[in-house]
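A.B. asks: Dock chains B and C against the given chain A, drawing on the hints supplied.
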Amino acid sequence: MAAITFITGGARSGKSSFAQQLAESLSERPVYLATARIWDEDFAQRVRRHQSDRDERWQTLEEEKELSKHALGNRVVLMDCVTLWLTNFFHDCDYDLEKALEQAKTEWQKFIDQEVTLIVVSNELGMGVHPENEIARKFADLQGWMNQFIARQANTVYLMVSGIPLKIKE
Amino acid sequence: MAAITFITGGARSGKSSFAQQLAESLSERPVYLATARIWDEDFAQRVRRHQSDRDERWQTLEEEKELSKHALGNRVVLMDCVTLWLTNFFHDCDYDLEKALEQAKTEWQKFIDQEVTLIVVSNELGMGVHPENEIARKFADLQGWMNQFIARQANTVYLMVSGIPLKIKE
Amino acid sequence: MAAITFITGGARSGKSSFAQQLAESLSERPVYLATARIWDEDFAQRVRRHQSDRDERWQTLEEEKELSKHALGNRVVLMDCVTLWLTNFFHDCDYDLEKALEQAKTEWQKFIDQEVTLIVVSNELGMGVHPENEIARKFADLQGWMNQFIARQANTVYLMVSGIPLKIKE
Chain A
1 MAAITFITGG
11 ARSGKSSFAQ
21 QLAESLSERP
31 VYLATARIWD
41 EDFAQRVRRH
51 QSDRDERWQT
61 LEEEKELSKH
71 ALGNRVVLMD
81 CVTLWLTNFF
91 HDCDYDLEKA
101 LEQAKTEWQK
111 FIDQEVTLIV
121 VSNELGMGVH
131 PENEIARKFA
141 DLQGWMNQFI
151 ARQANTVYLM
161 VSGIPLKIKE
Chain B
1 MAAITFITGG
11 ARSGKSSFAQ
21 QLAESLSERP
31 VYLATARIWD
41 EDFAQRVRRH
51 QSDRDERWQT
61 LEEEKELSKH
71 ALGNRVVLMD
81 CVTLWLTNFF
91 HDCDYDLEKA
101 LEQAKTEWQK
111 FIDQEVTLIV
121 VSNELGMGVH
131 PENEIARKFA
141 DLQGWMNQFI
151 ARQANTVYLM
161 VSGIPLKIKE
Chain C
1 MAAITFITGG
11 ARSGKSSFAQ
21 QLAESLSERP
31 VYLATARIWD
41 EDFAQRVRRH
51 QSDRDERWQT
61 LEEEKELSKH
71 ALGNRVVLMD
81 CVTLWLTNFF
91 HDCDYDLEKA
101 LEQAKTEWQK
111 FIDQEVTLIV
121 VSNELGMGVH
131 PENEIARKFA
141 DLQGWMNQFI
151 ARQANTVYLM
161 VSGIPLKIKE
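Protein chains in written order, with UniProt numbering: chain A, 1 to 170; chain B, 1 to 170; chain C, 1 to 170.
Looking at chain A on its own, in the form it has when it is part of the complex (with noise of 0.2 Å):
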């Protein structure tokens, strides 16, 4: 069973950088599992600009939907990010809010059944007004059950604001 410290928080809030400072204080060999599918040339631009925050130390490996098939025994993992992963299966889905989630669910178990120490990074996506989008809508309510079924399993979980990590399950 691996061991999980979720980092929730809004856009922009030093989530991704913290996270990284974590998983290089526990490895001198950190594995980065990178779930972005590149959808435009937005997304690759944010891709690069994470990339050249890591250095050689960092092993990447790039997984859309299929975590569980990485073997990560006894490696620190950092996995970023749940929101783009879960987005995977959300189109995949054609939108069916619950089918993503089961079929997200389901690999998740499978994934953390195995002795790593993860590190994941999420989005807090509903406090703002609830979007007219339906679609838009779906995802935030997706994306904040996701979140909760995390957190419950995990050991550690830290809020950022404004960059500051708020520890808020210990």
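These are computed hints drawn from the structure, not numbers from a lab.
Hints are not guaranteed to be accurate.
Mimicking DSS-like on lysine-lysine, the simulated pairs with C-alpha atoms at most 27 Å apart in a straight line are [stated by the list, open to error]:
#1 B/K167 to A/K169
#2 B/K167 to C/K169
#3 A/K167 to C/K167
#4 A/K69 to A/K99
#5 C/K169 to A/K167
#6 B/K138 to A/K167
#7 B/K169 to C/K169
#8 A/K169 to B/K169
#9 C/K138 to B/K138
#10 A/K167 to B/K169
#11 C/K138 to A/K138
#12 A/K169 to C/K169
#13 A/K138 to B/K138
#14 C/K167 to B/K169
#15 B/K167 to C/K167
#16 C/K167 to A/K169
C.D. replies: For chains B and C alone, coordinates are given in the frame of chain A:
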């Protein structure tokens, strides 16, 4: 005067589940005070999903606006939620922010002038990008002001994040 | 070097009221540094409402961008707020995120290079669903990065939730 626990947080952050567990730990026969006006099938589904989470111990009261007309002396009451209740005032006041806020505050004061143990669920709506839609922006103001009003009276306040209750006032 | 208290949170979460009380507790003659550019009648109303919250103890300075040109040595200064100040840079840079961020950081560094007690109000914009509008998304990035920049320098940071100050750095 009511003893108030106020639970706020994002959409799908586990507010209602936490509130229900809290009510069940305090009473063998809690009251569920449902404030939803059934606007459409999406709302009807959410109401049914929440109902199926509650067992026969619960007594359900449906009340869109006039909370104070129910005599609830010495009961444990879960009011779910402030957002839907405010929506009804806002709609019936033709989206007049000041008028809706005044009516809601007046009704609220009457409601809490009784010896009940009150658990109140609300929403944080102000931590996203401010909406372009003026009605939505006004509603976020209404929600924010009412949250401040209730939280000031509350004995205990929780912020829910990814299913984790963070006590911010006690 | 300024001593900085940074206050962030959602819209209508009580940030300005809390900041004013804090300033009044620290000085008999605090300075209110207003950064709003008056774009429309809605803004004008908000400015007037905030002004009427302050009494004759307050000295008001209006400064849309060049905070550093005011000599404020040894005063208690409430800067309200970072969001409106950043909006002015973003607008005047034709919505160029990198350019606005660089100009704002440079100005900020000059501003805090004086012996003032600074109370800074900002906004959390990143915890809702990411906006579809590209300009809005860029502004949320700008705000998030500037919040991290200021919070890192701050001695004390509060997150306001429903009117309750939650100290997250001290």
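A.B. asks: Hint by hint, say whether it matches the structure.
C.D. replies: Hints, verified against the model:
Restraint check for B/K167 and A/K169: satisfied, since their Cα atoms lie roughly 12 Å apart, inside the 27 Å limit. Our distance criterion of 27 Å between C-alpha atoms is met by B/K167 and C/K169, whose separation comes to about 17 Å. In summary, the hint linking A/K167 to C/K167 is supported, as the alpha carbons are separated by about 12 Å, within the 27 Å threshold. A threshold of 27 Å between alpha carbons decides the hint, and for A/K69 with A/K99 the separation of about 21 Å falls inside it, so the pair holds.
Using a Cα cut-off of 27 Å, the hinted pair C/K169 and A/K167 holds, with the two alpha carbons roughly 12 Å apart. For the suggested pair B/K138 and A/K167, the alpha carbons sit about 33 Å apart, so the restraint of at most 27 Å is broken. Taking the CA atoms of B/K169 and C/K169, the gap is about 17 Å. The hint holds against a cut of 27 Å. The straight-line distance between the Cα atoms of A/K169 and B/K169 is roughly 17 Å, inside the 27 Å bound, and the hint therefore holds.
With a C-alpha separation of about 23 Å, the suggested pair C/K138 and B/K138 falls inside the 27 Å cut-off, and the hint holds. A threshold of 27 Å between alpha carbons decides the hint, and for A/K167 with B/K169 the separation of about 17 Å falls inside it, so the pair holds. A C-alpha spacing of about 23 Å is found between C/K138 and A/K138, which places the hinted pair at or below 27 Å, so the restraint holds. Under the criterion of a C-alpha separation no larger than 27 Å, the hint pairing A/K169 with C/K169 is consistent with the structure, at around 17 Å.
Among the hinted pairs, A/K138 with B/K138 is consistent with the structure: their alpha-carbon atoms are about 23 Å apart, no more than 27 Å. Between the alpha carbons of C/K167 and B/K169 the distance comes to roughly 12 Å, so the proposed pair stays at or under 27 Å and holds. Proposed proximity of B/K167 and C/K167 is supported: the alpha carbons are some 12 Å apart, at most 27 Å. At most 27 Å may separate the alpha-carbon atoms for a hinted pair to count; C/K167 and A/K169 meet this at roughly 17 Å.
Against the hints set out earlier in the document, a violation occurs for number 6 only.
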